[in-house]
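Here are the chains, one letter per residue:
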Amino acid sequence: MSDVLVDIQNLSFSRGDRPIYRDMNMQVIRGKVTAIMGPSGIGKTTLLRLIGGQLKPDSGKIVFDGLNIPTLSRAELYQARKKMSMLFQSGALFTEMSVFDNVAFPLREHTRLPEALIRLVVLMKLESVGLRGARDLMPAELSGGMARRAALARAIALDPELIMYDEPFAGQDPISMGVIVRLIRELNNALGLTSVVVSHDVTEVMSIADYVYVVADKTVIGQGTPEQLRADPSPLVQQFLKGEADGAVPFHYKAAAYEDELMELTK
Amino acid sequence: MTARKIEILVGAFIVLSCAAFLMLALKVANTGFSGSSQTYTLYAKFDNIGGLKVRSPIKVGGVTVGRVSSIELDRVSYTPVVALEINAEYSNFPETSSVAILTSGLLGEQYVGLLPGFVDDTVLMLANGDTIEDTRSAIVLEELIGQFLFNRGN
Amino acid sequence: MIANKLQLIGQQALNSVSGFGRAGLMLFGAIVGKPNIRKGLPLLIKQLYVIGVLSLMIILVSGLFIGMVLALQGYTVLVKFGAEGMLGPLVSLSLLRELGPVVTALLFAGRAGSALTAEIGLMKATEQLSGMEMMAVDPLRRIIAPRFWAGVIAMPLLALIFNAVGILGGHLVGVEWLGVDAGSYWSAMQANVDLYQDVLNGVIKSMVFALIVIWIALHKGFDAIPTSEGISRATTQTVVTASLAVLGFDFVLTALMFGG
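Residue numbers (full-length UniProt numbering), protein chains in the order written: chain C, 1 to 267; chain W, 1 to 154; chain R, 1 to 260.
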């Protein structure tokens, strides 16, 4: 068994005429937390969907656990997906079911466990995210942070090998942000998961990631452990990490020269 | 809402629709499941069938005993041949019977009136596939008016 | 200028063809394959409740009133010809052949169809469908299929109930209020209504309408742009498209069934 769980090789993907990725390479090491950072709108979520097989790349390989995802048949893809799970930005809890049923959903769909055992597993998973007491609530009654934790319990219900977090910190208050940071780290260590975190929250990501990729301009522009990355000479990486308004990524959306457009008025 | 309550309500919904169907089938539609009852077919040739249609009723003294099952044109004589599907309950019509195309009321639908003929030892009963010889065609109002005017002209 | 117009027409034609293709694929994915009775039946019952039982009230009330109005309107015309004995056939045939299937389908599109579109559109917008897919559960089989079958089953049943209630409503006004003889109301009805020709053709009609309405509703939801604006537009489109399609197909079916 190799150390690399997800191996992305020479990936190119475009949406319509707009290229998103060009010739990108990336590896996710088993048992580690790998973070993918980058400015908004560069298709970080798209990358997770590509790994999950919901989108097909134009070219390149996405190897998950020895299987090249884009070439799998539908049935094989569904089999592969049982070994991965994804935590969506919104949580994506099923609104028509209680928290308990949400967590039980993958178990009921994919296993033939007796109801008593399902209950046991669900309570265990809910306990690990601290929501055992909230099992009878409906998703609409949960706060944003709680919904995300409930969704996390659902994501680990089948004990996947890979868990992908799509912007887990976005729109969270400091306390629930702290809770989620702790959960990602703890679950990764306790369950032997491999985690991929997609985010643009630099501080949180740098605190939990073992390895970080910075993606911009359709490809990887910097990578390494958080320490290595802080020492990265690339101005783009530095601008992103420090959050400077202007720099390698210009403040202004590309436009004609300002003076010229002003002059047009006086013509 | 518990699963049990939902199941009960869905069950009630289906029972209600079955009741609706039964009401439509038995109380609204004619003769219940008429299609399944036994029938036999007689034929009759008319000169003119007027407004007679497939599924027009066949009546004996006002009682419906069957329906017209098809209307075709005889290729040799070019006269319409009407197939009469008659309920097997009413099977003993003598071959002296006559049929006429009549109209219910002044503006009503046209139907086939069957008049049973006399019976004696020489007369056979009509059986499936037989043809009734004695027929009277539909009265066509335009022809009637035409004749009336023609006669007056004389 | 003309080239632009032509391009616009071409674009729209291509869009509608590809939309139709996507709708077909969706339906194909949802209903082809081995159904799982153990998991599918509870889901189907749940949807029969949501789609069928919850639409019952509007069907009962409108059926009753339409039957009553038909009797009232029909009576004022028939009584001029002294033909109020034909009130029964008038009410029952209009309901069974035409109004039952059509009005049920229109009400169904408004009540259940729009709700389905909004529900599925919202599930898409909140990534529930994506999430399900990532959990290796096919949303077509899990979400679309039970709703489709529930709709196809529920609508003919609703139409039958609508017809029965409408005829009773006609009885209420015609017999109880306007004084048409009860015997002639029911017997003239029996003499003129045929089980196969009228009742069952009506049921076939409403099955076709069910297929159309539910298909459009599910497709519009599934294909909605996952924003609040996109969902509200999809919901409107469901009601408009489904209603027009029902009326159009009604003409075709009527011509096929009763025209010849």
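Just so you know, the hints here were simulated from the structure itself, not pulled from any lab data. Check before you lean on any hint, since a few could be wrong.
Quick list of simulated restraints, FRET-style, between CB atoms [as the list claims (entries may be wrong)]:
no., chain 1, residue 1, chain 2, residue 2, range
1, R, 61, W, 149, 36 to 46 Å
2, W, 3, C, 18, 46 to 56 Å
3, R, 5, C, 261, 46 to 56 Å
4, R, 257, C, 15, 44 to 54 Å
Glycine included, each C-beta is placed from N, C-alpha and C at the ideal position.
Should the hint that residue 257/R and residue 15/C are 44 to 54 Å apart at their CB atoms be regarded as holding? 48 Å, holds
Is the hinted range of 46 to 56 Å satisfied by the C-beta distance from residue 5/R to residue 261/C? 33 Å, violated
Range hint 46 to 56 Å (beta carbons of residue 3/W and residue 18/C) holds or violated: Given about 48 Å between the Cβ atoms, the range holds.
Assessment of proposed distance window 36 to 46 Å (beta carbons of residue 61/R, residue 149/W): Because 57 Å falls outside the window, the suggested range is violated.
Going down the numbered hints, you'll see the structure goes against 1 and 3, while the others check out.
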